[in-house]
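**Student:** Take a look at the letters that make up each chain.
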Amino acid sequence: MAKFTLPLWVGIFDDPDSLLEGAGQAKEKGFEDLDAFTPYPVHGLEKALGLKRSWVPYVTLICGLSGATLGYLFMLWTSAIDWPLNIGGKPFHSWPAFVPITFEMGILLGGVSTFIALLVATNLPRFKPFVIDPQLTNNRFALVIPEKQDKVRDDIERFLKGAGAVEIKKITG
Amino acid sequence: MSVIDQKISPPLIDPNINMGDVTFDISRPTEKKPSKLWLALFILSVGAAGIGALTVYKLLEIGTGITGWNHPVMWAFFITNMVFWIGIGHAGTLISAILFLLRQRWRTSINRSAEAMTIFAVICAVLFPVLHIGRPWLGFWLFPYPNERLLWVNFRSPLVWDVFAFSTYFTISLFFWFQGLIPDFATLRDQAKTAIRKKIYGILSLGWTGSVRDWNHYEKAYLLFAGLATPLVLSVHSVVSFDFSVSLLPGWHSTIFPPYFVAGAIFSGFAMVMTLVIPMRKYFKLEEYITLNHLELMNKIILVTSMMVGYSYLFEFFIAWYSENPFERFTYWNRATGHYAPFFWLMFLCNVVVPQLFWFKKFRRHIPLMFVVSLLVNVGMWLERFVIIVTSLHRDFTPTAWGTFKPTVWDYSITLGSFGLFFTLFLLFAKFFPTVSLAEIKGVLVNPAGKKKGEEAHG
Numbered sequence: 001m002a003k004f005t006l007p008l009w010v011g012i013f014d015d016p017d018s019l020l021e022g023a024g025q026a027k028e029k030g031f032e033d034l035d036a037f038t039p040y041p042v043h044g045l046e047k048a049l050g051l052k053r054s055w056v057p058y059v060t061l062i063c064g065l066s067g068a069t070l071g072y073l074f075m076l077w078t079s080a081i082d083w084p085l086n087i088g089g090k091p092f093h094s095w096p097a098f099v100p101i102t103f104e105m106g107i108l109l110g111g112v113s114t115f116i117a118l119l120v121a122t123n124l125p126r127f128k129p130f131v132i133d134p135q136l137t138n139n140r141f142a143l144v145i146p147e148k149q150d151k152v153r154d155d156i157e158r159f160l161k162g163a164g165a166v167e168i169k170k171i172t173g
Numbered sequence: 174m175s176v177i178d179q180k181i182s183p184p185l186i187d188p189n190i191n192m193g194d195v196t197f198d199i200s201r202p203t204e205k206k207p208s209k210l211w212l213a214l215f216i217l218s219v220g221a222a223g224i225g226a227l228t229v230y231k232l233l234e235i236g237t238g239i240t241g242w243n244h245p246v247m248w249a250f251f252i253t254n255m256v257f258w259i260g261i262g263h264a265g266t267l268i269s270a271i272l273f274l275l276r277q278r279w280r281t282s283i284n285r286s287a288e289a290m291t292i293f294a295v296i297c298a299v300l301f302p303v304l305h306i307g308r309p310w311l312g313f314w315l316f317p318y319p320n321e322r323l324l325w326v327n328f329r330s331p332l333v334w335d336v337f338a339f340s341t342y343f344t345i346s347l348f349f350w351f352q353g354l355i356p357d358f359a360t361l362r363d364q365a366k367t368a369i370r371k372k373i374y375g376i377l378s379l380g381w382t383g384s385v386r387d388w389n390h391y392e393k394a395y396l397l398f399a400g401l402a403t404p405l406v407l408s409v410h411s412v413v414s415f416d417f418s419v420s421l422l423p424g425w426h427s428t429i430f431p432p433y434f435v436a437g438a439i440f441s442g443f444a445m446v447m448t449l450v451i452p453m454r455k456y457f458k459l460e461e462y463i464t465l466n467h468l469e470l471m472n473k474i475i476l477v478t479s480m481m482v483g484y485s486y487l488f489e490f491f492i493a494w495y496s497e498n499p500f501e502r503f504t505y506w507n508r509a510t511g512h513y514a515p516f517f518w519l520m521f522l523c524n525v526v527v528p529q530l531f532w533f534k535k536f537r538r539h540i541p542l543m544f545v546v547s548l549l550v551n552v553g554m555w556l557e558r559f560v561i562i563v564t565s566l567h568r569d570f571t572p573t574a575w576g577t578f579k580p581t582v583w584d585y586s587i588t589l590g591s592f593g594l595f596f597t598l599f600l601l602f603a604k605f606f607p608t609v610s611l612a613e614i615k616g617v618l619v620n621p622a623g624k625k626k627g628e629e630a631h632g
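If you're matching them up, the sequences are chains A and B in order.
With the numbering used here, letter number 15 in the first sequence gets 15, and the count goes up by one each step, no holes.
The number in the numbering used here is simply the position in the second sequence, starting from 1, with 173 added.
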């Protein structure tokens with residue numbers, strides 16, 4: 001969710017296609033700091049609003065690889081360096097036997113870090129969620145345009161009406 | 174859903190259903206008071222779990238001697254149950270992760286309940302090795318931590334691999350499941366009619382609002398989880414099979430075990446999904462979301478995995494003969510004709526013969542029949558693990574060391590207890606959580622806004 005500067009204009013749409021179109025038009029017009037609220041991920045909306053690709057995958061990659069590396073090094077250190085024990089005549093550094101845990105540690109760290117990264121990226125948990133309209137998690141869609149716009153001087157209310165919003169609200173505080 | 178998609182495949186959900194209907198139908202069971210049937214089942218399950226708890230108490234009071242396991246069969250019901258439950262879990266991850274990566278959008282109707290099943294099954298599975306070690310209060314010794322004995326665990330042992338595989342599997346499945354639940358909890362929060370419901374679902378939803386900026390990260394993270402869980406699920410049951418195949422015992426020491434176990438796990442898990450979903454969809458009136466088509470698709474997977482399992486059974490016998498190893502040959506001959514032969518043949522009947530019914534469309538769409546088949550597959554897959562573990566152990570290399578395993582009442586009661594725990598957790602889930610993923614179902618609707626013809630905006 002974007003950090004909003006009030007007041008905001010909210011256009012409520014009742015189907016995903018008109019939201020997509022409205023979002024595309026708003027972006028074309030040059031409105032800035034746009035946001036949209038949808039009950040399910042509407043595909044193409046992030047492109048229509050010109051959002052950047054999520055950075056979460058980089059975290060997963062780095063943490064996953066470090067998990068696997070650290071897991072392997074830990075096994076190597078405990079089995080061959082800290083206290084080498086002869087078990088069944090196997091070599092102290094028996095790398096094939098270390099493969100399963102190396103893999104599991106990579107997945108574990110990769111997964112946990114993905115979840116943490118998601119929370120950081122989406123600024124969750126939020127104790128006072130910004131619920132514009134309770135139907136936005138049910139069957140309504142919203143396009144949010146902050147009133148303070150540097151580039152465009154258009155009337156936002158008229159724009160939203162023209163884009164097909166079924167309801168228009170102004171949020172001031 | 175675009176027009177092109179519709180031409181390729183028929184709609185998954187009735188086109189007359191819109192987003193509001195989805196929210197209403199799926200959140201309805203969470204809003205009503207529990208019915209008598211639910212309460213009766215719940216009390217029954219808690220009772221069964223209580224019998225399990227009593228068994229655990231006895232185990233701690235007296236010791237593992239109360240069970241029937243003894244030399245040479247030291248792994249019996251407990252490890253059978255462990256493998257059975259962890260296998261059950263695999264279908265949940267297959268549905269949620271692998272079918273997601275394969276873009277099988279029909280999964281959206283069943284993935285939530287299947288994932289819940291995974292988590293509860295892993296909880297049941299973990300219980301058994303911990304109790305089997307005899308001194309469960311020292312269970313933490315399984316983890317490598319700096320201790321006053323200065324010893325580390327033996328990382329070359331498949332049993333230690335299990336510790337890592339199970340804990341990773343549980344953690345990742347839980348996060349994956351919870352991530353899917355976040356937007357749905359937000360829906361329940363916004364639809365809540367009482368303050369307490371709003372509070373509880375509000376906390377569970379973490380304050381989700383459905384901003385497209387959040388969905389952007391959310392979808393990427395979901396994809397990553399699916400990508401991580403896919404190899405994970407294959408690895409977990411492979412590691413479980415290593416418990417057996419890394420040993421030198423005829424009947425266990427076999428390279429076919431990892432794929433054989435993974436196929437069996439998916440097979441048994443899908444059967445358990447059917448067992449749970451068929452009553453659930455009827456009772457909570459979810460027939461429009463979990464349709465007959467969904468059940469038919471699952472039956473097809475049951476048929477495929479049944480054939481894979483059947484192939485493995487036969488191939489094991491072939492390899493035993495082909496190896497010319499007298500011990501291998503004896504083990505398999507003994508498995509099919511020896512002391513435990515009735516279980517072997519019952520297993521073969523349930524797992525290989527009965528699912529062949531699903532070659533026929535009529536049977537794939539016959540609900541009472543598929544429910545019975547799913548129960549039989551559950552029985553068969555439990556027996557499979559029993560047969561592998563006990564028949565291989567009870568006749569090993571020297572006849573002086575032979576013996577038989579006879580379960581005691583405590584073996585049965587702990588097994589019953591694990592089923593009780595599983596169904597208790599599942600009933601709670603079905604009552605208080607959205608049993609079908611709201612956000613994902615809304616994404617596969619043909620006409621999400623529910624507009625009439627002519628009114629539709631740009632198809």
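A portion of the hints provided could be inaccurate.
As the list claims (entries may be wrong) - Mimicking EDC-like on lysine to aspartate or glutamate, the simulated pairs with C-alpha atoms at most 20 Å apart in a straight line are:
(1) B:Lys-624 with B:Glu-461
(2) A:Lys-128 with A:Asp-150
(3) A:Lys-161 with A:Glu-21
(4) B:Lys-535 with B:Glu-469
(5) B:Lys-624 with A:Glu-21
(6) B:Lys-371 with A:Asp-133
(7) A:Lys-29 with A:Asp-133
(8) B:Lys-372 with A:Asp-33
(9) B:Lys-624 with A:Asp-17
(10) B:Lys-455 with B:Asp-187
(11) A:Lys-29 with A:Asp-150
(12) A:Lys-169 with A:Asp-154
(13) B:Lys-624 with B:Asp-187
(14) A:Lys-151 with A:Asp-133
(15) B:Lys-604 with B:Glu-392
(16) A:Lys-47 with B:Glu-392
(17) A:Lys-27 with A:Asp-17
(18) B:Lys-534 with B:Glu-489
(19) A:Lys-52 with B:Glu-392
(20) B:Lys-366 with A:Asp-150
(21) A:Lys-47 with A:Asp-82
(22) B:Lys-624 with A:Glu-167
To be verified - Sample of chain A residues lacking proximity to chain B, with all beta carbon distances greater than 12 Å (derived):
(23) Pro-7
(24) Asp-15
(25) Asn-138
(26) Val-152
(27) Lys-170
(28) Thr-172
Since the hints were made in silico from the structure, they are not lab data.
The structure presented is a predicted model; accordingly, all values stated were derived computationally and were not measured.
Built from N, CA and C at the ideal position, the CB exists for glycine as well.
**Student:** Now look at each hint and say whether the structure bears it out.
**Tutor:** A quick look at each hint next to the structure:
no. : hint                     : verdict
1   : B:Lys-624 with B:Glu-461 : holds (19 Å)
2   : A:Lys-128 with A:Asp-150 : violated (29 Å)
3   : A:Lys-161 with A:Glu-21  : holds (13 Å)
4   : B:Lys-535 with B:Glu-469 : holds (10 Å)
5   : B:Lys-624 with A:Glu-21  : holds (17 Å)
6   : B:Lys-371 with A:Asp-133 : holds (15 Å)
7   : A:Lys-29 with A:Asp-133  : violated (26 Å)
8   : B:Lys-372 with A:Asp-33  : violated (30 Å)
9   : B:Lys-624 with A:Asp-17  : holds (12 Å)
10  : B:Lys-455 with B:Asp-187 : holds (17 Å)
11  : A:Lys-29 with A:Asp-150  : holds (12 Å)
12  : A:Lys-169 with A:Asp-154 : holds (17 Å)
13  : B:Lys-624 with B:Asp-187 : holds (14 Å)
14  : A:Lys-151 with A:Asp-133 : violated (28 Å)
15  : B:Lys-604 with B:Glu-392 : violated (27 Å)
16  : A:Lys-47 with B:Glu-392  : holds (14 Å)
17  : A:Lys-27 with A:Asp-17   : holds (15 Å)
18  : B:Lys-534 with B:Glu-489 : violated (31 Å)
19  : A:Lys-52 with B:Glu-392  : holds (13 Å)
20  : B:Lys-366 with A:Asp-150 : violated (41 Å)
21  : A:Lys-47 with A:Asp-82   : violated (53 Å)
22  : B:Lys-624 with A:Glu-167 : holds (17 Å)
23  : Pro-7                    : holds (18 Å)
24  : Asp-15                   : violated (3 Å)
25  : Asn-138                  : violated (5 Å)
26  : Val-152                  : holds (20 Å)
27  : Lys-170                  : holds (18 Å)
28  : Thr-172                  : holds (19 Å)
Hint violations for this structure: numbers 2, 7, 8, 14, 15, 18, 20, 21, 24, 25, all remaining hints satisfied.
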